[in-house]
Amino acid sequence: MPEKFDCIVVGAGPAGTACAYELAKAGVNVLLLERGEYPGAKNVMGGVLYRKMMEDIIPEFYKEAPLERPIVEQRFMMMDKESAVTFSYKGLEWGREPYNNFTVLRAKFDQWFAEKAVEQGALLVCETVAVECIVENGRVIGVRTDRPDGDIYADVVVLADGVNSLLAKQLGFHREWRPDEVALATMEILKLDKNVIEDRFNLEANQGCTIEIFGDATKGILGTGFLYTNKDTLSIGVGTLLSGLIKHKIKPYELLEYVKNHPMIRPYIQGSEPVEYLAHLIPEGGYHSIPKVAGNGVLVVGDAAQLVNAIHREGSNMAMTSGRLAAETIIMAKEQNDFSESMLDQYRMKLMESFIGQDLKKYKDATHHFESFPQYFEQYIPMLNRAASQMFTVDGASKWEKQKKIWRDLGSTKQKFKLARDMMKAWKVMK
Amino acid sequence: MMKAQTIEEKQYLVRFNADTKSHLHVLDDNICLTKCPDKICTIFCPAAVYKWEDVRMHVGYEGCHECGSCRIGCPHENIQWEYPRGGHGIVFRLG
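Chains as they are written, first to last, in this note's numbering: chain A, 8 to 438; chain B, -16 to 78.
Only chain B is shown next, with the shape it has when bound in the complex (with noise of 0.2 Å):
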């Protein structure tokens, strides 16, 4: 059986230094819940940091991987994004 095979088994392999404050924002909740009923970003972020929870986004900006795909991918031009400030977030150690 191989190992790490849920996502949060792969986050535990990676180290974060995480900032206090978050550098992803969605704009507006309501969007999310009265427009968009696939919730995308919820399946196509690698790190499963969108988790939608009953009215509104819970972004765990803490294990993101600074990829940019919820910003680019996001239906409705949704998510205001920026890099962690400097020094912080995500930090890969081999690859």
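Next up, chain A with everything else stripped away, as it sits in the complex (with noise of 0.2 Å):
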């Protein structure tokens, strides 16, 4: 007799376990499949958590899971090669409740989290990959693992797979991913002494800051480079459009260690110990890369539905959200015994409603507009840099004088008319 759930949450990180902990927590009879050997695992980020999403699912869950630091600043460097022109918020409304967010090491959050799924009743078992789904008249019926007699059932599936999305490439609601769709991100985890932490980047106990690199950190190429504090680690990445670093010919770890021996970035990490290594890819299709999230039995959710906010570095909110939005749905489907596309599709249309809809369509276009205009990258942010050092550096010449030396260095009429047509055109995708 074959084993039967009501459904299977494949994929144990924010988004499926998220979808487990709902479930189980309303009576479903949820198994929870996790291909690594822990969840978390196979898990990379660059660790900011968001407080409001994940406090949706376990209220006040600050004060129990393994967090690293609640983050207090948020600051973009606009780098070139010897210079950077910084914006910051630093607010201490942050550092205290109900917080805004938190750096975390996933492979200790995700472990948590998913012992909170456990206590809810859900079953979790790990070092088990979901090979296919079981398909029967055009319905997902279940998985098939790669364990011996693997075959699992369930009324519905909910495919939190990840980035790649291999199950729900095969059951064609996307194609496979374009090299423009995802970006590939390396990094490490760099061991340093809290106190040399907090003294480098401004903070008191248990407050974190984080920094998010444009312009040199990638050599021009769209992406960015970050820096985040954890408790006595630092996570330093950098992410491209894989297309990027196919059409420069870039190695990912030599440009992460471009950014780690910059001499914008070398103060903050200097006399660390290296203890990780990590690469994943994120997926950045945006809007327009969003494949069909509901079939009949089936849903899909998280990064394996390309739900990511690249502008606003947001992925891990999205995840849990659309766990949370896949569960509220399989609790009613599951009221009316209806397991259909038609019934499922309630899925995305609460996902389009939400602030993932919302802001991945405000962005729809961003990255594409940015993949295929260099210039940001490679011309602005170098011509700011030099706008600032102009205007800020004392040597006799008048502010009149200076800025119109700025005013030169933007070129010729033509050039100041792409300029101002190209900011138009930042404005346009972006508001």
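Hints were generated in silico from the structure; no laboratory data involved.
The structure displayed is predicted, hence computed values, not measured ones.
Using N, Cα and C, we set each Cβ at its ideal position, and we do this for glycine too.
Straight-line distance between alpha carbons at most 27 Å, and here's what the computed DSSO-like set of lysine-lysine pairs gives: (1) B:K22 x A:K226; (2) A:K115 x B:K(-14); (3) B:K(-14) x A:K258; (4) A:K258 x B:K18; (5) A:K115 x A:K32; (6) A:K176 x B:K4; (7) B:K(-14) x A:K238; (8) B:K(-14) x A:K256; (9) B:K34 x A:K226; (10) B:K22 x A:K256; (11) B:K(-14) x A:K88; (12) B:K34 x A:K256; (13) A:K258 x B:K22; (14) B:K(-14) x A:K198; (15) A:K254 x B:K34.
Here are some of the chain B residues that sit facing chain A, going by a computed Cβ distance under 8 Å: (16) V(-3); (17) I23; (18) A30; (19) G51; (20) S52; (21) I55; (22) R76; (23) L77; (24) G78.
Could you fit the two chains together into a complex? Lean on the hints.
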């Protein structure tokens, strides 16, 4: 007699675990499958976890979850070879309840979160790959795992199998991703004394800082670098569209070394000890790349559905909310004993009405725009740095003269028009 | 001087529970040889899993981060990519 559950969730990341947690809490018989040795063993993230979407699932989770630091400052560096223009917001309201976001180390956090789902009654099975969906009469009725006699059945299967999203691809919900729909990020965890971190980043105990780095961190190609503070480690990384690495023939780990050794970054990490190196893809296709997310007996959540807002480095929050919305839909479907596509499609509607659909729609053309027009990163960030240098260098020239020099640095009349047009276009894709 | 600069040194920081058989397969070495002058997978793979050896592609699957870049980035769709068996492959301890 084969095993049968109400629901099988494939993948114990934030999306899958959120879904399994909510289902188990509502008394649904749910199996949470994870291919890693433990939840988190295959998962990578720069490290920012958003409080609100997590609290929608577990109120006051921050009182017991393994978190690193609540973030009180977010910096944005527009970096050139030997300079940077930095914008920052620091607010102590982020350092106390209800908090805004936290840095986390995923291997620790994901294990904790999955454990909470188990406490609610979910069955967690690790070291098991779901190799394909079992489809019968156009309906997903279970998954085939890589265990002996590994077919498992359910009324509904939730695909939370991450960015590669092999199962949804197999079902024909999307084609293979293009190299400009995924970003390849590499990252290192650097061990550094807690007090040194606090001194260097101008923090007090239990305060954290994130730095996003644009421009020379990626040698002008579209992408960002990041540097986040954990308790006694730093997470440093760099991500660029895979298409950018291909076009510019750049080795990602060499780019990471370039960031680590950049004179604007090096002083932050000096004397630290690398303790782990990680690489992972990020789905950055945005709105246009969202696949079919509901079918007969199946839903797709999180990275597997391309739910990432690359502009605001939000992903784990969208994963959790999508998992929660999928669970809501399944609970409703169970009440009516209807797991057809037309029923489950309510998940897609909920998704599109939520901040996920709205935000992804807002930036639907942004990544593509900046990918197609490299001048923003290649030319305009250095230009901004030269302008700041010119304006703030006191050398006897009058401020009017300086403004004229900056104006001349923008190039010929034709180039100035192009710049103005590009700024308008950037505004249009971001507004 | 920063530590762990080379990819070999970086890979030493990572825990792997390698399977005995590869989860990555180059479908046709001849395509790499005759149609792919750049052999771009040897560049963009974040773990330097792919190394060209005269006439064939050496695949060091044991050090794979399972990111999927090679499957998506191979210009000839010449890489068959699966997950390693359950519990095998890379084991992230922190990030």
